[in-house]
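> Please work from the sequences and hints to get the whole structure.
There are 2 protein chains.
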Amino acid sequence: MAVYTDVSDEELAAFVAQYDIGGVLACKGIAEGVENSNFLLHTQKGYFILTLYEKRVERSDLPFFLELMKHLAARGISCPTPVASREGAMLGELAGRPAAIIGFLDGMWVRRPKRVHCAALGEALAHFHLAGSDFTMCRPNALSVESWRPLAAGSLDEADSIAEGLGAELVAELDHLEAHWPKGLPSGVIHADLFPDNVFFIGDRLSGLIDFYFACNDAFAYDVAICLNAWCFEPDLSFNVTKARALLDGYTTVRPFTPAEFDSLPLLARGAALRFLLTRLHDWLRVPEGALVTPKDPREYLKKLRFHQSVGSSSDYGLDH
Amino acid sequence: MAVYTDVSDEELAAFVAQYDIGGVLACKGIAEGVENSNFLLHTQKGYFILTLYEKRVERSDLPFFLELMKHLAARGISCPTPVASREGAMLGELAGRPAAIIGFLDGMWVRRPKRVHCAALGEALAHFHLAGSDFTMCRPNALSVESWRPLAAGSLDEADSIAEGLGAELVAELDHLEAHWPKGLPSGVIHADLFPDNVFFIGDRLSGLIDFYFACNDAFAYDVAICLNAWCFEPDLSFNVTKARALLDGYTTVRPFTPAEFDSLPLLARGAALRFLLTRLHDWLRVPEGALVTPKDPREYLKKLRFHQSVGSSSDYGLDH
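Going down the list, the sequences are from chains A and B.
Each residue of the first sequence is one higher than the one before, starting from 1 at the first, in the working numbering.
Each residue of the second sequence is one higher than the one before, starting from 1 at the first, in the working numbering.
For the record, the hints were derived by calculation from the structure and aren't laboratory data.
What you are looking at is a predicted structure, and each value in this text was computed from that prediction instead of being measured.
Residues on chain A that point at chain B, a partial pick, calculated with CB under 7 Å:
id	residue
1	8
2	40
3	108
Straight-line Cα separation of at most 25 Å, DSS-like style, residue types lysine-lysine; simulated pairs:
id	chain 1	residue 1	chain 2	residue 2
4	A	55	B	28
5	B	114	A	28
6	A	28	B	55
Which stretches of chain A does chain B cover? Using the computed rule of at least three CB atoms under 8 Å from a CB of chain B, they are:
id	segment
7	15-26
8	109-118
9	199-205
C-beta: ideal position from N, C-alpha, C; glycine also.
In structure tokens, the structure reads:
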């Protein structure tokens, strides 16, 4: 649920007048995204999403995200496309916040992804990686391996209250990942948060990718590893190798893995699991009183991490060498 | 902010298939209404509002509300119109809740109503009253004069914590209103909650009335009195007689007041102020811990009540005899 800022009808009319999209007919706050305020905007020219960027998003990152969406859309990737004002600006200001008008993208996210959705996801992710290859802006991954130990530090004292021995387990995993984290893998712009709620489908057809506000530069295969974690476990947290194979086949049909990527995937999957384990643990231990949002259980990602620790090679994910 | 229930893509597709509105293209929770869950629904046939009725709405009242909207729309009142399923039902069930698909109504609510908005409101309210005159279903007003004393009872002990002497003031006002409440005024279906957020405008043109979930049978002039309270005070709670005159002129141009209505308006306005004072006081004294919604300050309506107590006749509202 995300509408943190009320926008008056008068402010909105003045803001929209800077764009060539006609007058405002309707504007309704929508429950999408947790970092920003989002509104469905209906004007005389059609339907749009109006996003007000709230404090949790770095203002200096916004041009990267908006230019990326524009770049991807121009290369045929189905994603929300920022609308430029008459003066050519994709970023404006409304109600004291940075604001953008973005094309409305049809589709629903799938609560229970099936094999067919995983296959479509894999293909779309590979197309996204390829389409970003000539994007010239750069944003380092603030949540990659070197950030995990400082992130863990704030939670280690209380970690055992979540699961017995978790503190020691985290330290051992950090030691292992820091020592073995692969370097030099094919890299570029990754989505870095491609969970099911960020992938829209109409029926079984993938209609688009959304929410590029974690996008950054990192190894492509790490993005795949995030998706393996987010899409290929069942509600009981058992790994579904059929879905994983579909995802990986879909991906590698469009963009084949290098041998180094094939070899690294289990370690990258451990890293991806640890990354979400650590941020969830951080949020779980710091729930503000009267919080609007129930934090997600970090133990889900502890179980996923342990699964990947047990994996011998990428073949265990259903990927043929 | 109101999305209390998550609807899965699969449930939604099955629900929408009962209607002749094409397949689902998108569905987003929207922050509108506080009693129900509302979604913007895009299908192959257009844009709709999907409403899931949560616990605070009596299921047995739903046919009254939905039939009323249909009735009003058929008589040219611009309001959300329920869509019937192929089997002719306006009410279905989704995610374990009563649910309806309703036409999407353009417009924005006006944060700072001006004279022109009050005039348009008055006209629209009168047209609404006339259009409801041949509506045959009936729903008594559960929040009229006889309900106020029992409603106040639960707050009297703590009332003085809100404003000194408030408990005694409430009892005296109840005594006065019960003794003098008018009977036999022209009556019919009233909206009973026509605050600015329930009236949509596109620019200065009134585009529709929404949220009929307090609609009931009562005196028409009481509905006018509710609007006087909700629309004609400034943020500093001073009464704006220019706006009141515009509202009343707009109303009486379409549906003239009877002499009894003219005489009763100050008392009805006191009653309307007390009704909202009492429900706000009730909610204010019972804020649940970790509440999502900040309750509204009851003192606003205490000040409005005191203003109406000082009014000599309807002429003080700018209405000519």
